[in-house]
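Protein chains: 2
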Amino acid sequence: MSGLALGLHGGCGTLDRSLMSEAEWAEARDHIAGALSAGWSVLKAGGAALDAVQATIMVLEDSPHFNAGHGAALTEASTHELDASIMDGATRAAGAVCATTRIRNPITAARALLDGGQVLMLTGPAADRFAEKAGLAMVEPSYFTTQRRVDTLAGLKRRAAEGTSSKASEAEKHGTVGAVARDAKGHLAAGTSTGGFNNKPVGRVGDSPIIGAGTYARDGVCAVSCTGMGEYFIRNVAAYDVAARIIYGGARLEDAAGTLVHDVIASHGIGAGMIALGATGDPVAPFNTLGMYRGWVGSDGEMVVATHQELFRRGQAA
Amino acid sequence: MSGLALGLHGGCGTLDRSLMSEAEWAEARDHIAGALSAGWSVLKAGGAALDAVQATIMVLEDSPHFNAGHGAALTEASTHELDASIMDGATRAAGAVCATTRIRNPITAARALLDGGQVLMLTGPAADRFAEKAGLAMVEPSYFTTQRRVDTLAGLKRRAAEGTSSKASEAEKHGTVGAVARDAKGHLAAGTSTGGFNNKPVGRVGDSPIIGAGTYARDGVCAVSCTGMGEYFIRNVAAYDVAARIIYGGARLEDAAGTLVHDVIASHGIGAGMIALGATGDPVAPFNTLGMYRGWVGSDGEMVVATHQELFRRGQAA
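Going down the list, the protein sequences come from chains A and B. Last residue of the first sequence? That's 320 in my numbering, and every number before it is there in order. Last residue of the second sequence? That's 320 in my numbering, and every number before it is there in order.
Hints should not be assumed to be uniformly reliable.
Copies of one chain are not kept apart here, so a pair can be met inside one copy or by any two copies together.
To be verified - SDA-like mimics (lysine to any residue), calculated; alpha carbons at most 20 Å apart, straight line:
| no. | residue 1 | residue 2 |
| --- | --- | --- |
| 1 | K135 | T261 |
| 2 | K159 | Y250 |
| 3 | K46 | G5 |
| 4 | K135 | S39 |
| 5 | K135 | Q311 |
| 6 | K135 | G119 |
| 7 | K187 | G36 |
| 8 | K187 | E24 |
| 9 | K46 | G137 |
| 10 | K46 | S269 |
| 11 | K135 | P203 |
Hints are computed from structural coordinates only; laboratory data are not their basis.
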């Protein structure tokens, strides 16, 4: 099964180590490992990369540690507006939702749109109605709220009132989850899900639901999911630019992904990261911030989990 | 002023000649000429490509002949949901709105977001509120409705009930307007505005407000605005793919644009078109349908207007 590969990120807005207890960091790592296990079990059973990406992201959406689904950021109005997208590298079909408020796992709605093969992207209440009609799990908006996000929003609003907003950390400002996978047939897939950023304006759409910006997959080339202030990923068509550098420029995946994160996006002075996977080889996970929640299972079958620079090797993926 | 250039499209869903009177075709051509004159006067006065694109699109939005602003398509619910985006090739800043319902000229809201430099994309009622707060012209949704669109929607719903939807023409299904410009400083810009397609699902977002899919501009490379069934332009990241073929592959603009329209998008079996402009030279306007509303002013200063294959030369642009 040397062709199988799975990678994820949980946002490049990782807190300074001192700001969470070691037990909390351990739990976050366990949730990353759990997400990888969910996706890897799909791949090991001969399942599709697309299904593995969805399974991986659903676990991250369900965890309070990440800014997607339960634990998502709050808007300026103390509401949640969730965005997600998913792309099948085999067919280059895709699905996306933005500004949803009641879909428990927004990535499942993106997937349902992909499978439907008609409308690719739905926004707002129509996306919620579509998901409900499709039989997906629906929740009250309060399901997404965690005390940490409530406290963070209060702190941001306090600092905004005090005129000290620039002290807000990357972690308070944004975050996203995403996954990439390659299955036994060599097919690639990518997906991304997010609550945007804390205190974001109502109605704001970032790069996560935008195919080409936050998410892109194409067999034989790469699968990419991005994290960081979405406006800059949209302007730079970041996820597809990684692919284009490979397709037309003959770049290697690690060079293309690294250039986007450390040069193109960093030139705007913002934090950025991505998880990217090529037609062969292991995932790459460049980031230019203090840390990025991330993990992968590569050709050696070993699971690796990390939040800052240090890599935690978790043994063979089950 | 040989560096100046301006081009527009009014959608690749042009009707068969027999379906409008010669007076109606003449009026549509006059509106294209009027839009070009509005943009060209900006460029001739030394104005920015970005301003020329906005001025051009506003005239097309105001005309009932095109599927944007007044004359926009109706959703399945007999409502209007308007999308637009604009990009400045000089800075690669951009703005976009989707699912707006009360902004008279959606391109002006996209422009205001670009100028604001914070949120790039707003969706739904929040986009309307932003525009109102920015002092843009607001209208009642009924302003956008024309009898032609009402009749078209009724016909589509009748055929859907009869199971003969496939007989719906490209013109009934979709349309969009867009413009590209190059100013005296060599800066490029592109913009796109649309009502989507007749009988579209509420909440559906196409490629027009998606930077990289329906709209893209980058100085020294190209400015692009697309028209056609948006889902396929999103999946192929069409507008940026034109740029990427030039940047990384060394392609010529006309070859890159032609490949997208006649090969990549056409491979999905759908109608497609675009207006594209390079760092030098005149706009190119490939399409694979019966016709595409289009027009341009090139280095010789002559205005050209067309709806089907025939080009109407309108003399020197005023």
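Tested hints:
1. Taking the shortest alpha-carbon separations for K135 and T261, neither the intra-copy value of 42 Å nor the inter-copy value of 39 Å comes in at or below 20 Å.
2. For a Cα distance limit of 20 Å, the shortest separation of K159 from Y250 qualifies neither inside one copy, at 46 Å, nor across copies, at 44 Å.
3. Taking CA atoms no more than 20 Å apart as the test, K46 paired with G5 passes inside one copy only; the shortest distance there is 11 Å, against 58 Å between copies.
4. When the C-alpha separation of K135 and S39 is checked against a cutoff of 20 Å, the pair qualifies neither within a copy, at 30 Å, nor between copies, at 48 Å.
5. Proximity of K135 to Q311 under the C-alpha cut-off of 20 Å is found in neither arrangement, the shortest distances being 44 Å within a copy and 45 Å between copies.
6. Proximity of K135 and G119 under a CA criterion of 20 Å is satisfied intra-copy only: 16 Å inside one chain copy versus 37 Å between copies.
7. For the homomeric pair K187 and G36, neither the shortest alpha-carbon distance inside one copy (24 Å) nor that between copies (55 Å) is at most 20 Å.
8. Within a single copy, K187 and E24 get their C-alpha atoms no closer than 40 Å, and across copies no closer than 57 Å, so neither meets the 20 Å cut-off.
9. Taking identical chains as interchangeable, the C-alpha atoms of K46 and G137 are never at most 20 Å apart, the minima being 28 Å within one chain and 57 Å between chains.
10. For a Cα distance limit of 20 Å, the shortest separation of K46 from S269 qualifies neither inside one copy, at 40 Å, nor across copies, at 34 Å.
11. When the C-alpha separation of K135 and P203 is checked against a cutoff of 20 Å, the pair qualifies only between copies, where the shortest distance is 14 Å, while the shortest distance within a copy is 28 Å.
Going down the numbered hints, you'll see the structure goes against 1, 2, 4, 5, 7, 8, 9, 10, while the others check out.
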